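Chemist: Residue numbers (our numbering), protein chains in the order written: chain A, 43 to 361; chain B, 43 to 361; chain C, 43 to 361; chain D, 43 to 361.
Do not take every clue at face value.
The list makes no distinction among identical chains, and a pair is therefore deemed to hold if it is satisfied within one copy or across any two copies.
[To be verified] Derived DMTMM-like pairs: lysine to aspartate or glutamate, alpha-carbon spacing no greater than 25 Å straight-line: (1) Lys153 / Asp75; (2) Lys255 / Glu116; (3) Lys285 / Glu117; (4) Lys133 / Asp88; (5) Lys343 / Asp283.
These are calculated hints, taken from the structure and not from any lab test. Predicted, not measured: the structure shown is a model, and the values here were computed from it.
Chain by chain, the residues:
Number of protein chains: 4
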Amino acid sequence: MKKIAVLTSGGDAPGMNTAIRAVVRRGIFRGLDVCGVKNGYKGLIDGNFVSMSLGSVGDIIHRGGTILQSTRCEEFKTVKGQQRALKEVEKEGIDGLIVIGGDGSFKGARKLTIKGLPAIGIPGTIDNDIAGTEYTIGFDTAVNTAVEAIDKIRDTAASHERTYVIEVMGRDAGDIALWAGMCAGAESIIIPEAHHDVEDVIDRIKQGSKRGKMHSIIVVAEGVGKGTEIGNMIKEKAGFDTKVAILGHLQRGGAPSAYDRMMSSQMGAKAVDLMVEGEKGVMVGLKNGRLIHTSFEEAVKESHMIDLSLYHLARSLSI
Amino acid sequence: MKKIAVLTSGGDAPGMNTAIRAVVRRGIFRGLDVCGVKNGYKGLIDGNFVSMSLGSVGDIIHRGGTILQSTRCEEFKTVKGQQRALKEVEKEGIDGLIVIGGDGSFKGARKLTIKGLPAIGIPGTIDNDIAGTEYTIGFDTAVNTAVEAIDKIRDTAASHERTYVIEVMGRDAGDIALWAGMCAGAESIIIPEAHHDVEDVIDRIKQGSKRGKMHSIIVVAEGVGKGTEIGNMIKEKAGFDTKVAILGHLQRGGAPSAYDRMMSSQMGAKAVDLMVEGEKGVMVGLKNGRLIHTSFEEAVKESHMIDLSLYHLARSLSI
Amino acid sequence: MKKIAVLTSGGDAPGMNTAIRAVVRRGIFRGLDVCGVKNGYKGLIDGNFVSMSLGSVGDIIHRGGTILQSTRCEEFKTVKGQQRALKEVEKEGIDGLIVIGGDGSFKGARKLTIKGLPAIGIPGTIDNDIAGTEYTIGFDTAVNTAVEAIDKIRDTAASHERTYVIEVMGRDAGDIALWAGMCAGAESIIIPEAHHDVEDVIDRIKQGSKRGKMHSIIVVAEGVGKGTEIGNMIKEKAGFDTKVAILGHLQRGGAPSAYDRMMSSQMGAKAVDLMVEGEKGVMVGLKNGRLIHTSFEEAVKESHMIDLSLYHLARSLSI
Amino acid sequence: MKKIAVLTSGGDAPGMNTAIRAVVRRGIFRGLDVCGVKNGYKGLIDGNFVSMSLGSVGDIIHRGGTILQSTRCEEFKTVKGQQRALKEVEKEGIDGLIVIGGDGSFKGARKLTIKGLPAIGIPGTIDNDIAGTEYTIGFDTAVNTAVEAIDKIRDTAASHERTYVIEVMGRDAGDIALWAGMCAGAESIIIPEAHHDVEDVIDRIKQGSKRGKMHSIIVVAEGVGKGTEIGNMIKEKAGFDTKVAILGHLQRGGAPSAYDRMMSSQMGAKAVDLMVEGEKGVMVGLKNGRLIHTSFEEAVKESHMIDLSLYHLARSLSI
């Protein structure tokens, strides 16, 4: 193992730059050459490589987004695309690849490993929706961003005695909604993993108003359906003054939180260490609070499990 | 003048609490009794008064929203409603009223003044859309909130080489859009006060991409029309990967910025001082960087003028 | 178990209010009466109790500090003081006590348990220095505050090609320094748990300057000794333009981070659940990423172990 | 006028990068070549010039510090140093110079103008201590940073019923202290421009404690003397539990606030416009809320006047 490459793939997440820094610095520390691949798998096919020195990752530990950028690449999903990528990799003299990204990115990484390029994955997505790990890079920052936004909206909710339905990110996974809802003290949380009906939401608003709390926050995961519809139903069925806010893409950006920087640093270094030790075809992850690694097969095959006990806890604390 | 009342009306704005604090503290400092009216004009009709001590406004200087709350009140727009309010005011022994709010709120305050209750206005709305002042309380915080959100979205825009259309608040006035766009370095700004066409926006994106800038931020004032439509037009006409983000109500909340706290403190105290001096029927405002006051008539009759030179400046800096 | 009390003790930490909210709400949810004790153990002796309703902890989930306040109390360290406290507790009809605080606070809680008042502890201190748990409430917020401050100072360091020695909190434990240093990309981290000499710090600055990095950040834990001295030594021995910044008490305050709110909510609820189940004399903690509880004896007897592998990792990433 | 240069000098301030961007973009928009000078006047002597394209100032609008850096330069204060600088400037074909900095920086700029290099100044210092302008770039951000820090410290002050003496920046000018103190609701503000005695400070704390406010914040400008001494005097003379916090260099950094970005953009563009119109030897400034320019002589000769009415206002609001 003399030279490794690193790329980011899928939606960007705060902490990806911290992870790139960790891979580059740890790689050089372990005696490797490190190069970056621009634009994810597309750059692999295009041979878009940049040599990474210690200084190339200076002053990025706290920047949102990814300096290596990320682009969708349909071609890489084909055998032909993968072969083109492998050819470029060979030409460049790359012995191993570290992929920072989500679920879909690891399917590609797995194929490359099978075809002869040792690849190791680092879970990077704000959604926290990967089975083989308790934590994905960017999640903590995204939750903090959502919570800060909801804290602000609560000012207005309280001033006007209003109900706000707030839609947060998370297409298939309710983790951001569950955490943001719990941490912002939402009166109800609606996630794809738990049964919900609007009647229950309305009941809870009414209970609150009985004891004098005239405003409510309902946090909804994107994946459940339009926040707007839920808002309309609350307005129509119960007559509460209700507004809808969709937090949207601002949840993806911003300086990574301390926790995301810590996890990104550890995971980036761990991926390099595993590669040096000859490991391949695995994703770094967090299990029981400790860094572990699982094979791409396992990491991808099971589906991510949300901790429903938190859901019930949140309900008991927002009575 | 022995006892004055203070209320907040219209949409809440960061700094309203700071202004309430200033009115209460300055009032007591000047030897007055001060009471708060809950829920704006509705509370005036309902006789919903609370006595305000020095301590009642402790620890609120930095809180978003308004502790006195604000509710729409159709009844107050009628002569009958106003008479009911005046009756309650008399019963309570209130000699003067300070109204923190927007345009519409001052119409009511003007009527009360004419009918015998001396009223003074403090401009409080995030929109900065009141003719008689260069500045309205909450504007600086709202712009900062929008700029911070756009800074975050730019991380993602840059990482994915994408165009973002970002809709900010401002129904009739483009001030938030103009300031946020200028301060976030937006490639184009679309406001109701200036002609715009999507062709021009697309041209500017193309110019940028020629010199290697592959991502763009377009800031649109709510009042111009749906950001979504503009986003779709850019996507269809020019083929750029384009997403839309609507910042929404989070722009209303949050701890007031230093500037908003300073202005709120000064305007609140100024309103009290004017009242003690026997002034009435006027709104406190900022003109040429100095505190002034104008009659409600004037403050309301002209329409607010945006500074279009800033619009042209922004264009020259985002070439 | 019909009525429980909750108090905060020791230095305040962000998340204490979130934990109070969780104790009160979960307590009521589980059918208990809950009362708050003002000013920590002093309030216990003074019989300074306040009944806590659901609404009493509304709108505090995001507030720094502690609404129940915390005062030093020498009297409580005496047997007489403890007896007075127990008398007041009995008068009030309190069957159990939940103590949110640090190390020292649990010694008191242990004594009360032995003398007949079942007590359960929740680790609340920004220092993360309690043996029986991987995490203490407030630590995540304090680290984020420190990291944000260092990010800002780095702007100046880079602009003036200067070295900054930044002293962060942590009298006996280097956790804040280690995390903040790692997350802010500090060139050196000095903690009480690891050997350090200024020569090594200077060598690392020189290495950086060889490859063109003209500014450096050195993070020092309070417990190691005066940052000022270290700054002077660097200036004298190596001639670098060096400034010192002591972050100080701002690290204690501020809205709790999402992670701190989540942990506080879980730990607060867990403490109540344990008490309902008849547990006593234990501290709630986090071990291997899961909530556990340990006896006060154990929690207090061992000393807290910092993860030195992180220290070495940080060194390898800031070469 | 074909080619202009821009440099930053003196202590760095948030918004300097925004001003650099404005100078470069506006310069190119007006048909000029623009180059940057690294390290302030030192770079002028060393001929350390970098050509600035539109893209060279992309993505810096929101970065703290200065990408052109700033270094002390004793040599430039000598006639010989100035001559060397003029020689380099001539060699590079530079027709005019824009200097972003403080007081001292404009003395140098004046000398260059007299010796034949037209120079224009932009006031950039967090201290707001330049006579010819109501506003200097960086002041708004510095005040916000200080206010946010004090908001956090107040959490702890309230939790422990403690007095905090907080020292903010400002060697000769009390503007940061006055604004931060007003905006954070400080119980007392101590600035070099107004008489103060510790007895008065103690009286005000006592007054507050009589009506139940058990914690206090005292904001002190650096220039007045050691915060530590004042803290000790309060402790000794009145027996209050008192701590001292020195905010220090974090006040210099961070992303510029919206207002600083707006002012920097306007001032940067104005400086270019003035230069194109043939103006020289002047500093851009803000007077009565409008952009103006004054000769360096005037800008430097008078001393900056703080608005003492704000000081008295703050006192009346923190009774």
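Chemist: Now look at each hint and say whether the structure bears it out.
Modeler: Structure-based check of all given hints:
| no. | hint | verdict |
| --- | --- | --- |
| 1 | Lys153 / Asp75 | within (23 Å within a copy, 51 Å between copies) |
| 2 | Lys255 / Glu116 | between (51 Å within a copy, 24 Å between copies) |
| 3 | Lys285 / Glu117 | between (43 Å within a copy, 23 Å between copies) |
| 4 | Lys133 / Asp88 | within (12 Å within a copy, 43 Å between copies) |
| 5 | Lys343 / Asp283 | neither (44 Å within a copy, 31 Å between copies) |
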